[in-house]
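K.L.:
Each chain, written out:
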Amino acid sequence: MGSTITDAQALVTALRSAYASTLIKLKIIDLYVVFSLATVLVQVIYMSLVGSFPFNAFLSGILSCIGSAVLAVCLRMQVNKENKEFKDLPPERAFADFVLCNLVLHLVIMNFLG
Amino acid sequence: MASTASGASRLPLAWLRLLLLGWLFAVVSQTTCASNGLQPLSDADREAVAGYFTADADGFYGSLQETYHALRALEILEQSNVESQKICDSLVGLVQAPHDSVEDAFHVVRIAEVLQCPHGAEVAKVIVPSLQAAVEKAKSLLELHYSVATIAIIKGWSSKSASFNVALSGVFSSLKELAGPDGKWHYTKSSSESSAKAAGLYTFFSFPTTAIAYHFKNPSVRGLQIGHIKTAAIKLFDNLESHDQGVLYFQESKDDASSGGGGTLEATWAVLRGSAALAAVLPAKLKVKVEKVFGIAKFLLTPGLALNATEAFYQLDSLSVLEEYRPAVPVSVQTSSILSLSSNDNLEVAVTTVLGKPVSQVKVTLVSAHCIGADAPPVWSSQNLNYVENSGKYVFHFLSATTDLGKYKLSLEVCSVKSEGDSSYTSGGPVKSDITVISAIGISDVQLAVLDSNTGISDFSAVLEYGKDENITLSANHLQKLLLLLKLTSPSGSPFNPQQVFLKLVHESHVEHLYLVKSSAKGFQLTLDFLGLVEKLQYLSGTYNVVLIVGDMTMENSFVWTLASLDLDLPAAPEGKPLPPEAPLEITARVGSKPEIAHIFWQPEKRPPTLLSNIFLSLTLLPLIGFFIGLGYLGANIKLFPTTGLPGAAAVGFHGAVASILVLYFLFWLKLDLFTTLKSAWILGLGTLPPGHFILSYLADSSAKQKTA
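Residue numbers (UniProt numbering), protein chains in the order written: chain U, 1 to 114; chain Y, 1 to 709.
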């Protein structure tokens, strides 16, 4: 029991120190993802309180946050220099894709919002 | 011109052929009508039309022309409440006032003629000088018409008639210039379209012109012009437009409309007046097809034709022309529709003109009379009817002792009695009409009996006599039968089979039951077996009225006769479901208003309280705030944001364009629809591309440079 706790603590510390060395750019993107997911959480709590009457509104709110979180994750993958898969992709191009996909996603969301 | 000489000899044969064709056409067109369809001017129409004319304080009816229309129309309607003295006195004053147009003189003179004013010579003295000048300088059809027609009316009042001759010679050449080749005429030399109305007016005043020529015995004028005018007049009637049911009329042309024409009524009136005037002066009759005259008469007698005073004048004047129309006078033939054997009616046929005056110079023949429904030979054929002076009708003794009851189809023929100088009358072909022969039917041997169901022995029986009110009471129970016998005879003695013979039982609570009484060789018989009828009668015991109903179209004395009152004793209704008696429905229950329906509408969904929603709205914004705080904590900056030059502008442009798209989305959520949003998004997207591409490629280049450097 004690070993698991100490193991967990050691793990967290290791993660923290490893994380500190990531680029600011990537940390910004991670922060954005966390922000999106927090918004989702707030919406779900609200829905559980008052019921899902305008269901389409609920869905569009949730999908907006989750969609943009997913797109941010894709951006992070493409921008990360350590990722061999996207070596030849310039980060500006990835960012442009991110912006475009977000705009399309939000058009659909707005239509569904009603 | 050259063809008229030979044409005159061919005309009689052609006219015969036309007549035959006319008859054939008329026969074919009669298949659906019961009578020949021409009804004289009805009283309702007369009243309506007379109501259009209301006199002013000074006795006039508006302008001079309107006054003339009113006076002439009221003269035709035989209404004498016009202030002729007042009008005549003011006419002289009107004519003395200086006036330029010959039209005013024309109307004044016409009014004086209609009212038969004694001031004729005074009026003529004043008008004559200006009239001669007007005739010489008249160029259009209307101007010629007014001046010549005025001359025609006042020639009898003035002693200066010889001087008109000179003026008139010029008139004929002007007339010739306005004539067209095919019976149509122009208003002025320059107008291109010709019209039936102008044609009518042409002949309308060509009569006064030619009559004046005759009067002054001007042989050169006479020979030249008459043939030309005659062919023109006959060609006029080729321009007739037709409507359904044989109605014919003249259509006005654009010229008429632009000169303020009165439409089809005015055109028709003009042609009729003109052709009548011409026919009055020609030595031979004007050959116009009979059915054309008939069709025009039908048009003029359309109910509710005239909508205002002017139209009323045209209609009435046209009808008065038709009353004495030289080619043929259309007559209306009306027969009596019901003949009663018991009062020994005669068949009466009223032959009247279109205005309702009886015509006595025709021969009316009953061609045939068939009984409808039987294939028997005609009851009558080729019988002449006699004219009765007092009633103005043609009478025939149709009924005899052997005439059957029922409907008959009659075919009548109306021919003119040939005598010189009289008009010929036309009924538009053979006249078909239906009459019904009715009579009082004899009712006899009426017997009402109550019989025992099993044995058939009558427990009660009564013999009733029609017409006598005997209050008979019967009583029966469910084990008995009610028997009714009766005989119906027609006046010829044979048994009569009416369309309706019913027996009705009416309960005191107004519940009714109807039974058909069947006929047999021995008469009519009905047996009501109460045992079988108990359920139908809904177990209702009590007093019933026994009513006999007999009726038929040919029966003069159809009746509803309460025979007796019946005390019916039926067993009680079985337990469980007492049948409610069906009282006859009140009319209001069936067509009155139903009870109001209270609709239940869709209730809107329950929404959460506003406060809660607002709290969560602010909670949603918290992560966003956290994001910005986190960004500051991470040390994110925008140091690389280009501030100067083109990159700066492109960067600002790119961010601005994206922001505008987001604003568009916000508007889309609020009020726009998808299509306008897509259109605008498409445009804004195109606007985002150049700055975005530039700035991003610039940043990519600068970071690549940094790497290599």
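The reader is advised that the hints may include incorrect statements.
To be verified - The following residues of chain U were derived to be distant from chain Y, with all beta-carbon distances above 10 angstroms:
1. I24
2. N56
3. I66
4. M77
5. E82
6. N83
7. F86
8. V99
What the hints assert, rightly or not - Here are the simulated distance ranges between beta carbons:
9. L49/U to A700/Y: 18 to 28 angstroms
10. C101/U to P642/Y: 36 to 46 angstroms
11. G635/Y to L37/U: 42 to 52 angstroms
12. I625/Y to I24/U: 19 to 29 angstroms
13. L49/U to T708/Y: 52 to 62 angstroms
14. L617/Y to L37/U: 32 to 42 angstroms
Stated by the list, open to error - On the chain U side, residues computed to face chain Y include the following (Cβ under 10 angstroms):
15. M1
16. G2
17. F58
18. L63
19. G67
20. E92
21. L103
Just so you know, the hints here were simulated from the structure itself, not pulled from any lab data.
For glycine and all other residues, C-beta sits at the position ideal for the given N, C-alpha and C.
K.L.:
Output the numbers, in ascending order, of every earlier hint that fails for this structure.
P.N.:
Result: hints 1, 8, 9, 10, 11, 14, 15, 16, 17, 18 and 19 break, sorted rising.
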